[in-house]
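Number of protein chains: 2
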Amino acid sequence: MNAPDSFATLLARTRESFPASTKSFITGSRADLRVPVRDIALTNGEVVSVYDTSGPYTDPAAIIDVKQGLQSVRGAWIAERGDTERYEGRKPVALDDGSKSEDAARLAQLRQEAAALQRQPLRAKAGANVTQMHYAKKGIITPEMEYVALRENGKREWMAQYMADAAREKRLAGNPMGALIPKIITPEFVRDEVARGRAIIPANINHPEVEPMAIGRNFLVKINANIGNSAVTSSIEEEVEKLVWAIRWGADNVMDLSTGKNIHTTRDWIVRNSPVPIGTVPIYQALEKVGGIAEDLSWEIFRDTLIEQAEQGVDYFTIHAGVRLAYIHLTAQRRTGIVSRGGSIMAKWCMAHHRESFLYTHFEDICDIMKAYDVSFSLGDGLRPGCASDANDEAQFAELHTLGELTQIAWKHDVQTMIEGPGHVPMHMIQANMTEQLKTCHEAPFYTLGPLTIDIAPGYDHIASAIGAAMIGWMGTAMLCYVTPKEHLGLPDRDDVKQGIIAYKIAAHAADVAKGHPGARARDDALSQARFDFRWQDQFNLGLDPETAQEYHDETLPKDAAKVAHFCSMCGPKFCSMKITQEVREFAAAKGVAEGDALAQGMAQKAEEFNRAGGEFYIPIQPV
Amino acid sequence: MNAPDSFATLLARTRESFPASTKSFITGSRADLRVPVRDIALTNGEVVSVYDTSGPYTDPAAIIDVKQGLQSVRGAWIAERGDTERYEGRKPVALDDGSKSEDAARLAQLRQEAAALQRQPLRAKAGANVTQMHYAKKGIITPEMEYVALRENGKREWMAQYMADAAREKRLAGNPMGALIPKIITPEFVRDEVARGRAIIPANINHPEVEPMAIGRNFLVKINANIGNSAVTSSIEEEVEKLVWAIRWGADNVMDLSTGKNIHTTRDWIVRNSPVPIGTVPIYQALEKVGGIAEDLSWEIFRDTLIEQAEQGVDYFTIHAGVRLAYIHLTAQRRTGIVSRGGSIMAKWCMAHHRESFLYTHFEDICDIMKAYDVSFSLGDGLRPGCASDANDEAQFAELHTLGELTQIAWKHDVQTMIEGPGHVPMHMIQANMTEQLKTCHEAPFYTLGPLTIDIAPGYDHIASAIGAAMIGWMGTAMLCYVTPKEHLGLPDRDDVKQGIIAYKIAAHAADVAKGHPGARARDDALSQARFDFRWQDQFNLGLDPETAQEYHDETLPKDAAKVAHFCSMCGPKFCSMKITQEVREFAAAKGVAEGDALAQGMAQKAEEFNRAGGEFYIPIQPV
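Residue numbers (the working numbering), protein chains in the order written: chain D, 1 to 624; chain W, 1 to 624.
Next comes chain D alone, as it looks inside the complex (with noise of 0.2 Å):
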């Protein structure tokens, strides 16, 4: 996987079904409010249906032409709301791309690449509010909000099956841990907690063709892929591919966390090409053009670097107006000091000039900015713990409390707001860290990277770090912002974006179904239940990865039959236990009880009159 594919050999391979897949639409209240769903047949004729991230790639119906970029979803709904207006916008420089871009010749080449990729921007009409939230406040429910209340119900048809037994459900139903979760999500419930701060729809008007999707604790757990790329490597093919490869595997967000040369251009390529959300954070672009040294960053500057992002239609801002001068000296002691990029940005320029940061400062300028575009706020963490001994420490919820200030005022200008957390904390402070969001942030949605609960583990944080995510994404957490394995060593290449999208993916699972989160389960008892009627090709199909699964089933039993034999490659023929219970069923149905609870019966009955005959500890020992 490490060997650089050409860009059209990845692309081909991004856009190929899964195996027994086929893209299928939930249609809306109108004609062009189609939401996808993928379909996968299994060999006993059930159809199970699953939330797809992965855009219009998986649909053979779809023209993907990366430098034309994607049809335009939400363009009809944003028109008819009669709130905004196209202009002139904001003309490229040359420094959007980097202050010292060694290649002039080359970036001409992308930037005409591009060129089929310019738009011109669309911003609210003045007075106007165009955000998600805004609506949602004026109880208009929009057509965003009936795709995400389509889109986290999916098909609950083929659910009820699974769902029927109320014993079984009795048994396994979930712990919410304070969450609110309806049987069936209503447009009506989802603008209620878009309109609350519990959810967001990171969905900026300049981006029409994502999928809309929401951040919040009453919704699927939802994570978040990084990309991006970097002043040591990576091309703008990578990364739009990377992007590609990302939501195929399951990645609900991206953030294109660029920071080399080309940031501008590169930007066009992943936004248009993208049917999720697009984050960034605003300040890296912005020290590129201030060459890097943190003290000549601006408010102007910053400013132009938002309007000019905005325009482009990033989705949502990562925004450290919460690292406050006062704070700074805070981290002081720490073990690993200020590990957030952006915080320590930030910190230097609070340092430099003895001043509080003009994210602070400027706060409500950027919220004016925000909700002329629909524009998100990531609150960031600046001042999160960088290992485990600075976790939960005094810096960290003090900037935790301003961003719950923060929020207040956001929310005043009705701008949709998630904060960002840590990072690394050990198991038993996780609890600390939702509980102090919950309070402190008014319920506003929580976005935390993993935590990592361990150290020790430089090359496989992944693990270490999803099963922070999973109890952290219980307790409340609405997105899990993924780690790969090659995090705190080096730049991820494709297959490291899709292991960790695969150990977040399950964390995100483990969490919707502990949560109880109606269907969360039916998915794994189709897989059991397959596993158990020995339909290999089912047990892999329904599985996060089906071409894995079935390669180190293939890796042991090789041959067709395998895949319908009764036994598997771990016991053989003889010990396979599931045959064994198979037979457990049949010796008592042959027993002439013809029932399906036969066993129950036979056994119940068997069991009585063992019992009976004294049931004590130790029974005389009959020869054999």
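Errors might be hidden in some of the hints.
[As the list claims (entries may be wrong)] To give a feel for the contact side, a few chain W residues facing chain D, derived at Cβ under 7 Å:
(1) L107
(2) T336
(3) H509
[Unchecked claim] In silico DSSO-like links for lysine-lysine, alpha-carbon gap of 27 Å or less:
(4) W:K23 / W:K91
(5) D:K439 / W:K170
(6) W:K412 / W:K183
(7) D:K67 / D:K91
(8) W:K183 / W:K138
(9) D:K170 / W:K439
Hints were generated in silico from the structure; no laboratory data involved. For each residue, glycine too, the CB sits at the ideal point set by N, CA and C.
Starting from the known structure of chain D, arrange chain W on it as the hints suggest.
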């Protein structure tokens, strides 16, 4: 890793020391009591010493000849007790290696190769009881107990500096969830835990090569790796190498689950070459002896098998004596029935004979055998759930209660006992398992497989289960049985074994940190400090898998210079947050405050000024 190397090559590789590591020994009250640790030399002169399961294989001074077996560690201690006797022992018969060993010549050759591994067995003298629990109850502190105490403590000296900060220690204080872990483990504490049955030291008197270790909730959380040939594949050489490979990466125990041909001879090779306790499931071999027909099993055949394996030196037996006739019907309505091999075999026997199994009726006879060799019980959970939807059901808990009764009978005979647990359990149902086990099994050590928190991740079940393992380990489980990526799909190769072990070392360590095990966090702190200081080589070497960490790093920044560079590939020179943090500190220092806590003082003062100046939410913007 999947291509089978030659045994010699493989073993050579497993004999290499870890980078910058040397094996050293902590000597106890007698010269022949030497507890191995791995000392990792850091580039800053520090030495970090870690628990070492790898045995003599990583000791350059040790002479290893797998056909001769390892040197004895405990021989003298056992002899000194004067309560054992050598005896002729049971005569191996052809059937010991399976009912239909197709290749007699091959078997003869294998036995020939194992000739030098034959030992005349030891057993307790008439009327004697040689279990560690028996000695413990009599108030005797055995060398094994002292060995365990020294091993659990390790070298505490180096940890001190990382635990010096009282405020930090208070903030990070673990939550032991009911465990009672002393600051220092004394031999007397070990004795008391073993006497109470709250810990076991698996150490068959016929396995003197074992380096004693303890399994109990007040000790470090341990992990078990399963190996074993199979009817379908693998060879003896592979099995021994898998053992050495498994302990290299950190397996505290290994279970030999061989079910195919040459079982007896394979076991000679494994036990004689293992420095860690070896567990087996004797019913597997017994079934081989009756040609795989469960109904044909008998107490006589089983008893003969127990003695056969006890004489060879197996340290613990998984015995599914809790599968009672009256419980079997409780599994009839399950989604995946009975998934434990041993459990399903016994269920079939019970069905066929409509009698309680001989494991249950002869339990005290089994105890008599166990105490004559100090074989520990691992009471099997034959009715464990095989999928999330069968978790915590009546069948599972009915068996657990019976295991509690059997535990008290075993303890009456002073036989060391641990309890096996599931399996497949969603996160929110894990605590109930631990609570029920503690209550019904009187704090006997819990030994769980995972549990897997979801069922939709075939190919990644080591991750799906590491989440559950970390949680239940924190809650009180003493040993975690690993799951590899091949779970449910095929037989693990050596890389799968490594992946499973690393995932479980992560889970076990996360549990130790959460419980607040003294010193557990020091290694994390040392690694985090190295990370902050840009001591890359130390960061790699302090990790669970130094080679992989370095390999990942070098993929992006191959040059040796990068190993000391004050930036890493993720951010590049300009963006490194840790570098900026250092600059923040220097900046503060440069302001004329020389103290180490310069920033704290300098900034606190500045922050004070700021607050005196009003510290109001919005301050007038000054031109930058």
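How the hints compare with the structure:
1. L107: violated, 19 Å
2. T336: Check passed: Cβ of T336 of chain W comes within 4 Å of chain D, closer than 7 Å.
3. H509: holds, 5 Å
4. W:K23 / W:K91: The hint is violated at about 40 Å.
5. D:K439 / W:K170: Between K439 of chain D and K170 of chain W the Cα gap is close to 23 Å, so the pair holds against 27 Å.
6. W:K412 / W:K183: Roughly 31 Å separates the two Cα atoms, so the pair is violated.
7. D:K67 / D:K91: holds, 21 Å
8. W:K183 / W:K138: Answer holds: K183 of chain W to K138 of chain W is near 25 Å, not above 27 Å.
9. D:K170 / W:K439: Distance ~23 Å between K170 of chain D and K439 of chain W Cα, so the pair holds.
The earlier numbered hints that this structure contradicts are 1, 4 and 6.
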